[in-house]
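A.B. asks: Top to bottom, those sequences are chains A and B.
25 is the number that my numbering gives to position 31 of the first sequence; each next residue is one higher, with no gaps.
80 is the number that my numbering gives to position 86 of the second sequence; each next residue is one higher, with no gaps.
Please keep in mind that the hints were generated in silico from the structure rather than gathered at the bench.
Check the hints yourself; a few may be wrong.
Copies of the same chain are indistinguishable here, so a pair counts whether it falls within one copy or spans any two.
In silico lysine to aspartate or glutamate, EDC-like type, Cα no more than 20 Å apart, as pairs [said to hold, decoys possible]:
| no. | residue 1 | residue 2 |
| --- | --- | --- |
| 1 | K122 | E181 |
| 2 | K164 | D144 |
| 3 | K201 | D155 |
| 4 | K74 | D29 |
| 5 | K122 | D155 |
| 6 | K122 | D157 |
| 7 | K201 | D176 |
| 8 | K201 | E78 |
| 9 | K201 | D146 |
| 10 | K122 | E78 |
| 11 | K100 | E181 |
| 12 | K122 | D144 |
| 13 | K201 | D157 |
| 14 | K164 | D176 |
| 15 | K100 | D176 |
| 16 | K164 | E(-3) |
| 17 | K164 | D146 |
Each chain, letter by letter, is given below.
Number of protein chains: 2
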Amino acid sequence: MNERVAIVGGTGAIGLALATRLAAAGCEVVIGSRDAAKAAEAAAGIGNPAVSGVSNSEAAAAAEVVFLCVPFSSQAGTIKQIAESLAEGTILVDTTVPLATNVGGKPTRTLGVPDGSAGQQAQALVPKGVTVVSGLHTVSAVLLANVEHDLDEDTLLCSNDRDAIARVAKIVELVPGLRAVDAGRLEIAKIAEQMTALMISMNIRHKAHTGVRITGL
Amino acid sequence: MNERVAIVGGTGAIGLALATRLAAAGCEVVIGSRDAAKAAEAAAGIGNPAVSGVSNSEAAAAAEVVFLCVPFSSQAGTIKQIAESLAEGTILVDTTVPLATNVGGKPTRTLGVPDGSAGQQAQALVPKGVTVVSGLHTVSAVLLANVEHDLDEDTLLCSNDRDAIARVAKIVELVPGLRAVDAGRLEIAKIAEQMTALMISMNIRHKAHTGVRITGL
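So here's chain A without its partners, still in its complex pose (with noise of 0.2 Å):
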């Protein structure tokens, strides 16, 4: 058994793709949702008896790394909602990004933020000793969901704590094929946010579900 981790907003597509996954490679998972009824069927769903779904607040009391799958809309009242649940020491790792739909937007379009990025502005509304890593941007959820294959992507982990994204790699590559890049400070989650963006135009341009690999690593 690997390490419990929660997943707050783990009933959306991300998050309960990455729940499965994550539940395959021996982790104990915590799934969180607004509704705590709506967490406990999602978990059953996945079918595996070591998910397990409850509020988001429980949820993000429940492990010491907590992936944060809301969309970005949905971002900072989240993180007002479980803030008082997060201990001191907890990760949390920012997948939002502030894509133009939020706002009724085209998806090849992203949002400014005021704080510079979805990551930066998820560090300033988290509660002091808890630190944000920001990542999973660019994982196309319904790649992800699809446990009969392997993903073939990296995702790039942007934290100001590196101890931080260390700990948070060795738990997305868990998944199979994908891999996790440290790919600097905080403030660079900007361009790895908008990378989504990229991906999204060059999935339309395509009909393709793409991903990114950093070379010469």
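Put chain B on the given structure of chain A with help from the hints.
C.D. replies: Using the frame of chain A, we list chain B on its own:
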């Protein structure tokens, strides 16, 4: 012999490396510089008779595909200088990146460009009938210059004219190991350009020369 290409700003690191690679692949390459004598000297230094050196304006008039390889801080001035020499139907490949270094800032940060991106700024500055393709942002000049080694990366090409992308793709793919990916319309160049700052961040963290590959295509 492949087609003739021109490289405005061809005496800089990326321009010179590109000239060397394309000449080795069988192109006739016309290098431009503000100082024609300097361009001729640089061309001679490559040691391939397929490379010649002239003024930037002469280079701009010499080929249907013209690579613009000056620093972003010189982009607008150079385009104004060569504008009259760009024939209708010319494709200008803008490789400039609005790194903060252009104004003395960090290489891991980019400037906001009023037109959206350096590529869009170029399109706004060229004469009517000239098409801008934005590309080569994330290709390391060091690796490109090392003709003993194939590259292992993609370059993202953005333009509002897909035929122009296809034409530029054929040229840049003459560089062994370099694949061109149609990344979308010119506004996507904003993201492709920022990825240069991301690569620099990773290069610093990992003491490497990173490149990018798009998977799933």
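A.B. asks: Please work out whether the CA atoms of K201 and E78 approach to 20 Å or closer within one copy, between two copies, in both situations, or in neither?
C.D. replies: neither (43 Å within a copy, 39 Å between copies)
A.B. asks: Should K164 paired with E(-3) be assigned to within, between, both, or neither, using CA atoms and 20 Å as the limit?
C.D. replies: within (10 Å within a copy, 49 Å between copies)
A.B. asks: Please sort K201 with D176 into within, between, both or neither, judging by C-alpha distance up to 20 Å.
C.D. replies: So K201 and D176 pass the 20 Å test across copies only (12 Å; inside, 29 Å).
A.B. asks: For K164 and D176, with the copy left unspecified, which applies at a CA distance of at most 20 Å: within, between, both, or neither?
C.D. replies: within (12 Å within a copy, 33 Å between copies)
A.B. asks: Please sort K122 with D144 into within, between, both or neither, judging by C-alpha distance up to 20 Å.
C.D. replies: neither (37 Å within a copy, 48 Å between copies)
A.B. asks: As a check of your reading, is K100 near D176 (CA-CA no more than 20 Å) within one copy, between copies, both or neither?
C.D. replies: Intra 29 Å, inter 19 Å, cutoff 20 Å: inter-copy only.
A.B. asks: First find the shortest C-alpha distance between K122 and D157 inside one copy, then the shortest across copies, and answer within, between, both or neither for a cut-off of 20 Å.
C.D. replies: within (17 Å within a copy, 53 Å between copies)
A.B. asks: Using 20 Å as the alpha-carbon threshold, which applies to K164 and D146: within, between, both, or neither?
C.D. replies: Answer is within; shortest intra-copy Cα gap is 17 Å, inter-copy 26 Å.
A.B. asks: At most 20 Å between CA atoms: does that hold for K201 and D157 within a copy, between copies, both, or neither?
C.D. replies: Answer is between: at 18 Å across copies they meet the 20 Å cutoff, but 38 Å inside does not.
A.B. asks: Between copies, within a copy, both or neither: which fits K164 and D144 at Cα up to 20 Å?
C.D. replies: within (17 Å within a copy, 31 Å between copies)
A.B. asks: Evaluate K201 and D155 at a C-alpha cut-off of 20 Å and name the case that applies: within, between, both or neither.
C.D. replies: between (37 Å within a copy, 18 Å between copies)
A.B. asks: As a check of your reading, is K122 near D155 (CA-CA no more than 20 Å) within one copy, between copies, both or neither?
C.D. replies: within (14 Å within a copy, 49 Å between copies)
Against the hints set out earlier in the document, violations occur for numbers 8 and 12.
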